[in-house]
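Engineer: If you read the sequences in order, they're chains L and Z. Take the first sequence: its letter number 194 is residue 194 in the numbering used here, and every next letter is one higher. Take the second sequence: its letter number 300 is residue 712 in the numbering used here, and every next letter is one higher.
Note that these hints are calculated values from the structure, not bench results. Because the structure is a prediction, the values reported are computed rather than measured.
Straight-line alpha carbon distances no greater than 27 Å define the calculated DSSO-like cross-link-like pairs of lysine-lysine that follow:
hint, chain 1, residue 1, chain 2, residue 2
1, L, 71, Z, 735
2, Z, 621, Z, 571
3, L, 71, Z, 645
4, Z, 485, Z, 621
5, L, 407, L, 243
6, L, 243, Z, 571
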Amino acid sequence: MKNLINAAFGVVVFTLSTLSEKGVAQLIIVDEPSSPAPQTETNTDSVISGEWGTLQYYPILLEPSDYYISKSSDYATRNEPTVWQFDSDQVEDVLEKLAQAGLDSKLVAELTGDKYLSKDPVSGRYEIRPPDHAILNMVTEQRARLYPQLLPQTTANPFFTPFYLPVEGVGSNLSIAPGIPVEQIDLINALSYPMNDAMAFSDIRLVLSRSKNDAERARTLKTLARQRSLGVGLKVLESHDLKALASYWGAGGRNREILPILESVVGTPGVETLDIVHLLPPNPRKQLSTFPSPSEFMRHSETPDCFSTAFSFFGDDPPDRLFDSVSYVFAERYEEASYPLQFGDLIEIKLQRDERTIHVCNHIAGNLVFTKNGISLARPWIISTLEEVTARYQRRGDIKISYHRLKPEYQK
Amino acid sequence: MKFPIIFLALLVLLFASGQTQELHRNSNGSGTGQFGLYKGSPGPWGNLQYFYTYLEAPSRIMDLINTPSRETKWHFPGKSIEELRAFLSDAGVSTEDVEIIFKNSLPFHEDKESILYPPADQVMALSPKSREMVYRELRRWPANRFYYTPFMIESGSVKERFEGTTFHPAIIDLVEKLSYRIGSGNAFSDPQLVIGQFNDDVAERAFLKAMTRTRSLILMLQIDSKTDFEGLKSYWSKGYKGKDIVPFFESATLNTNNRIIDVAHLLPPTARKYLYTFPTFSMGVEGAYPDSFWASLNFFNYWPDDELTDPDKAAQYIQNNYKPVAEPYAFGDLLVFLEPGTDRPIHSCVYIADNIVYTKNGRSLRSPFLLMKLEDLLIFHTATASPEVKVWRREVR
Numbered sequence: 001m002k003n004l005i006n007a008a009f010g011v012v013v014f015t016l017s018t019l020s021e022k023g024v025a026q027l028i029i030v031d032e033p034s035s036p037a038p039q040t041e042t043n044t045d046s047v048i049s050g051e052w053g054t055l056q057y058y059p060i061l062l063e064p065s066d067y068y069i070s071k072s073s074d075y076a077t078r079n080e081p082t083v084w085q086f087d088s089d090q091v092e093d094v095l096e097k098l099a100q101a102g103l104d105s106k107l108v109a110e111l112t113g114d115k116y117l118s119k120d121p122v123s124g125r126y127e128i129r130p131p132d133h134a135i136l137n138m139v140t141e142q143r144a145r146l147y148p149q150l151l152p153q154t155t156a157n158p159f160f161t162p163f164y165l166p167v168e169g170v171g172s173n174l175s176i177a178p179g180i181p182v183e184q185i186d187l188i189n190a191l192s193y194p195m196n197d198a199m200a201f202s203d204i205r206l207v208l209s210r211s212k213n214d215a216e217r218a219r220t221l222k223t224l225a226r227q228r229s230l231g232v233g234l235k236v237l238e239s240h241d242l243k244a245l246a247s248y249w250g251a252g253g254r255n256r257e258i259l260p261i262l263e264s265v266v267g268t269p270g271v272e273t274l275d276i277v278h279l280l281p282p283n284p285r286k287q288l289s290t291f292p293s294p295s296e297f298m299r300h301s302e303t304p305d306c307f308s309t310a311f312s313f314f315g316d317d318p319p320d321r322l323f324d325s326v327s328y329v330f331a332e333r334y335e336e337a338s339y340p341l342q343f344g345d346l347i348e349i350k351l352q353r354d355e356r357t358i359h360v361c362n363h364i365a366g367n368l369v370f371t372k373n374g375i376s377l378a379r380p381w382i383i384s385t386l387e388e389v390t391a392r393y394q395r396r397g398d399i400k401i402s403y404h405r406l407k408p409e410y411q412k
Numbered sequence: 413m414k415f416p417i418i419f420l421a422l423l424v425l426l427f428a429s430g431q432t433q434e435l436h437r438n439s440n441g442s443g444t445g446q447f448g449l450y451k452g453s454p455g456p457w458g459n460l461q462y463f464y465t466y467l468e469a470p471s472r473i474m475d476l477i478n479t480p481s482r483e484t485k486w487h488f489p490g491k492s493i494e495e496l497r498a499f500l501s502d503a504g505v506s507t508e509d510v511e512i513i514f515k516n517s518l519p520f521h522e523d524k525e526s527i528l529y530p531p532a533d534q535v536m537a538l539s540p541k542s543r544e545m546v547y548r549e550l551r552r553w554p555a556n557r558f559y560y561t562p563f564m565i566e567s568g569s570v571k572e573r574f575e576g577t578t579f580h581p582a583i584i585d586l587v588e589k590l591s592y593r594i595g596s597g598n599a600f601s602d603p604q605l606v607i608g609q610f611n612d613d614v615a616e617r618a619f620l621k622a623m624t625r626t627r628s629l630i631l632m633l634q635i636d637s638k639t640d641f642e643g644l645k646s647y648w649s650k651g652y653k654g655k656d657i658v659p660f661f662e663s664a665t666l667n668t669n670n671r672i673i674d675v676a677h678l679l680p681p682t683a684r685k686y687l688y689t690f691p692t693f694s695m696g697v698e699g700a701y702p703d704s705f706w707a708s709l710n711f712f713n714y715w716p717d718d719e720l721t722d723p724d725k726a727a728q729y730i731q732n733n734y735k736p737v738a739e740p741y742a743f744g745d746l747l748v749f750l751e752p753g754t755d756r757p758i759h760s761c762v763y764i765a766d767n768i769v770y771t772k773n774g775r776s777l778r779s780p781f782l783l784m785k786l787e788d789l790l791i792f793h794t795a796t797a798s799p800e801v802k803v804w805r806r807e808v809r
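Next up, chain L with everything else stripped away, as it sits in the complex (with noise of 0.2 Å):
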């Protein structure tokens, strides 16, 4: 589980006092007197209008669940002591690259010594097992230079995909209790090196060392891939043209028919908002807040990413098709979109230097989009500002957006 999250969140464009045009008279609750109380409006909430209605958002925190932690490589090699594995079978290499990270010399011979070195029988690569006090004194300059190094590219390495913290620090994930000791955020954070203008984090191993039991190293994990999406509500009030927003969000009939359900929320006395998730089609309100699970991917050769993702917003599940060649459907299925943007327009975005796509989501209305940021499994699919998504990407240089529409022929 890696975590890549940026620090801007969502801007407030203005808030609920301001929308209470359904007055309280009018929340009138059948079944009365065991009446639910009423659905009511809170002043933290964000709000965002145009053609697409009144929608109002709040941040949530995902984690994922239990069994995909209980499956996670991390928590299952949680027993075993850190390994930098060096790409050479010369112990003289291994030297050179301890002191090109930085390490003093003392420290060096000491982790050269037999104590900690010894060679991998299967690759026949030199490993050194570094007590906790060389990992606990490096510094983090050290770590940004040598991590990177360490062998083998498989995703069970944490040093070859470590996990992406906010640049804040694990700690800014933490608006909701983590269940782990401060201490541990502590340690985490010390630990955490720069890079690609992130935070990344490698040395679970050790942290889990010092966990009491089992069950707080599985709240470490939780806490490190915990990943920040948004619950959206469209307000749907009877002074609303029902028909234009059953337009949009209809998407020019390849959404389900949207009138029918605005129509029972305007005629619920008590009700006035309506989750996103059952405006979206079926393919993302099927992936919408979730993490993908190793063991359901299996059939797919690749798990999914952010095209596969943008790409099947409104097909049924994402063809293999879609993971073969994204240029290829890129080029095959979009126009440029033309303004104002409609519900699933693609977003892509590029690097500047040398034009390449990095990221596409899909736009939902106003600035939010629906988004898997990256082809990790611990990347859920979520919905996020796209202010949010840009800076994360823009960390990797300077970028330019463009906005891009089924054809015609490809909107059936």
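Knowing the structure of chain L, use the given hints to seat chain Z on it.
Structural biologist: For chain Z alone, kept in the frame of chain L given last:
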């Protein structure tokens, strides 16, 4: 729904060990004919509330539906002409009308099946009680298309069903006159008599589209910062792997004292994907469109197994993955309805909470995946007596 003998035998064997439930029937919110926000009963599922909504088949499906003949046609497999005459009399049809039906409809009898073509006047003239009795018999046989799967008016209110449409009040009155009771709801099976009132195909289509409106309910969970989230997790997370719902709830209730979470967020991905939708054409590419067994047995499967439309494989799947359970029933439990007297499995659905189930009522393209109150579903599947219900729980692996 046809079930091969092997499947029947296997299911009878399976259900011999299953638990039979006496389901709690709570009339709260059923058949009121009103829109409203209803409160669920307290339970381990938390504080639920719900309201009703209508689902309408999309045009892509309506374009495929064969417009029915304007003639009424009644199939009576296994009944001779003489038996039919006695049956109609017993149902309260006047001797005169029985004679007219037989005289004008040239009853056709072949291979132990009788077919009647009753004139419109005689169908319209049926008393409510006679209509209930005759249609209950017709409902037994798939050949009677709209009697076998009638248009259900769960609220009991025809006017509510047509709310927001532009049909002439006389049309709505005619539907009301031809509707008949099934349990606490109403059903309608005579579109052929109504479309006879229209002058063009467009109006006929619009009427049939309106009749596909199916009542479902939007189910929501009310939470606040004092809610027992771990308790909710133990109820709602059975077999669910997509996310941990505790941080989801905790973060949603930050800075607010009342958050409404749509229960769709708590369903497994596949169930959430199809909820409130009609089947797509692609779902039938492999040979069969999803029915109730496909919907309920794939509830927890991230990738639906299309072979579960095969009755033999469905039975084997239950045997391999489920175990019979007793009350209290829990989220994700499989409920199988058995026809009284024959133990023939006629339907299955998935228990969600508070006697609300996830179901797809039949293989038809005009049958959506939806949430219903269990009592309404039982009524829908009641011909002469309420079906027996066996309950199974998926074994966590």
